[in-house]
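Residue numbers (this note's numbering), protein chains in the order written: chain L, 35 to 226; chain A, 67 to 246.
It is possible that part of the hints are untrue.
Interface residues of chain L toward chain A, partial, derived using beta-carbon atoms under 10 angstroms [what the hints assert, rightly or not]:
1. Gly107
2. Thr140
3. Ala206
4. Ala208
In silico contact screen, one side only, chain L against chain A (beta carbon under 7 angstroms); selected entries [what the hints assert, rightly or not]:
5. Ile45
6. Leu48
7. Ala49
8. Ile54
9. Thr83
10. Pro84
11. Lys91
12. Glu99
13. Ser161
14. Ile165
15. Asp169
16. Ile172
17. Ser199
Worth flagging that the hints you see were computed from the coordinates, not collected in a lab. Quantities reported herein were computed from a predicted structural model and do not represent experimental measurements. Yeah, the Cβ is synthetic: ideal placement off N, Cα and C, and Gly gets one too.
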Amino acid sequence: MIRVLAQTIAIVALAFGLGIWSVHSVLETAQRPGSITVGAWTAYPEAGTPAGDPYSKAHIARNGELPLGAGEGLVFTATRDSAGASLSGDCSYVIEGQIPPSRLWTLRGNVSTGQAADGVLPSLLHSRRVIYRQDGSIRIHVSHEAKPGNWLHVPPSARPAIVFSFYDTDLASAARAREAVMPQILKESCNG
Amino acid sequence: MARLLHLLITGLVGAGIVHIAVLMLIPSRAEGDAFSRLARLGPEFTFIKASNPVAAPVLADADPLFAVSACRFSLENGLVHARASGSVPFWSVSIFNGNGENIYSFNDRNSAGGMVDLAVGTPVQIINLRQDLPEEFLRSIFVETETEKGTIVLRAFAPDGDAKAAAAAFLASAQCELIE
């Protein structure tokens with residue numbers, strides 16, 4: 035009797051523990067189901083639509099997001115550089131290359147709304163605030179130290195992510211997004 | 067040994083069931099989702115400011131360079147007519163249905179005269195409206211939804227001083243009207 039009870043408790047504990055933990059861990063990963071990857075960048079073109087997968091639905095509800103619709107734009111996020119190494123707040127990076135066609139884009143580190151919105155440091159860049167190269171490509175320094183040219187400031191100690199949002203773009207379907215030409219994220223130097 | 071294996075397999079199958087159940091329950095049970103947060107900020111049929119640069123943001127993933135307003139609506143007593151006008155470099159609109167799914171979105175390039183003018187209703191409400199189209203709906207974009215509740219989200223690009231003021235004026239002009 036006691037043995038049966040103990041076994042039942044063990045099974046239930048295992049089922050609930052593992053079941054809840056696994057949902058949590060999938061929702062927290064940088065590349066949930068439903069993601070598309072272009073180089074170092076990840077996007078969720080179908081998140082928030084009726085065609086969205088259950089993991090995206092749960093993630094959006096739990097985090098309180100209102101994802102962009104296809105007619106609005108698409109957001110790409112990077113937590114690693116183009117060599118595959120995790121982004122570090124102690125390192126300087128360069129975002130370099132062609133960007134997908136869009137009417138407007140914004141670039142930021144993982145600062146939350148409110149933070150740095152009116153800051154002195156350029157922690158929020160957009161398409162009208164950078165200098166383009168001759169061929170229309172971009173070269174933007176991402177660093178906590180000031181850099182010449184285009185510079186995106188990120189806080190030194192934070193665990194950085196780079197968020198690249200494109201507005202009014204035809205990328206916003208999964209098939210198009212997969213073919214997007216995204217710039218590379220190259221590590222320049224690291225302190226300590 | 068066989069008993070232990072049996073125990074383990076039963077536990078793993080149970081974990082799979084719990085995994086799916088939890089995943090499916092999160093969207094309906096979450097209290098921190100955008101729509102619940104908006105509901106705590108104000109009533110239906112009013113555009114509520116959802117981007118706040120000072121206090122904690124209402125929307126977790128919002129682009130800090132955008133000003134956002136949202137209007138929750140209910141189609142029980144009629145359809146909803148949303149309008150806004152102003153001169154901003156970029157604005158976009160999303161309509162979310164009662165399940166929190168983005169059913170339609172567009173931006174200022176897709177709209178007549180660069181103004182927000184849309185009517186959201188059930189298919190029956192939209193057909194009835196179109197049969198004898200009132201003048202104020204002549205330039206409207208019509209969006210049909212089967213669910214009774216929903217939310218219209220308006221985003222305006224607000225990068226700096228002047229544009230911020232323009233975006234604020236644009237969002238302040240936004241109306242979200244119940245048409246019975």
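Structure-based check of all given hints:
no.: 1; hint: Gly107; in the structure: holds, 7 angstroms
no.: 2; hint: Thr140; in the structure: holds, 5 angstroms
no.: 3; hint: Ala206; in the structure: holds, 9 angstroms
no.: 4; hint: Ala208; in the structure: violated, 14 angstroms
no.: 5; hint: Ile45; in the structure: holds, 5 angstroms
no.: 6; hint: Leu48; in the structure: holds, 3 angstroms
no.: 7; hint: Ala49; in the structure: holds, 3 angstroms
no.: 8; hint: Ile54; in the structure: holds, 6 angstroms
no.: 9; hint: Thr83; in the structure: holds, 5 angstroms
no.: 10; hint: Pro84; in the structure: holds, 5 angstroms
no.: 11; hint: Lys91; in the structure: holds, 5 angstroms
no.: 12; hint: Glu99; in the structure: holds, 4 angstroms
no.: 13; hint: Ser161; in the structure: violated, 10 angstroms
no.: 14; hint: Ile165; in the structure: violated, 16 angstroms
no.: 15; hint: Asp169; in the structure: violated, 25 angstroms
no.: 16; hint: Ile172; in the structure: violated, 17 angstroms
no.: 17; hint: Ser199; in the structure: holds, 5 angstroms
Figure legend: structure checked against the earlier numbered hints; hints not met, in rising order: 4, 13, 14, 15 and 16.
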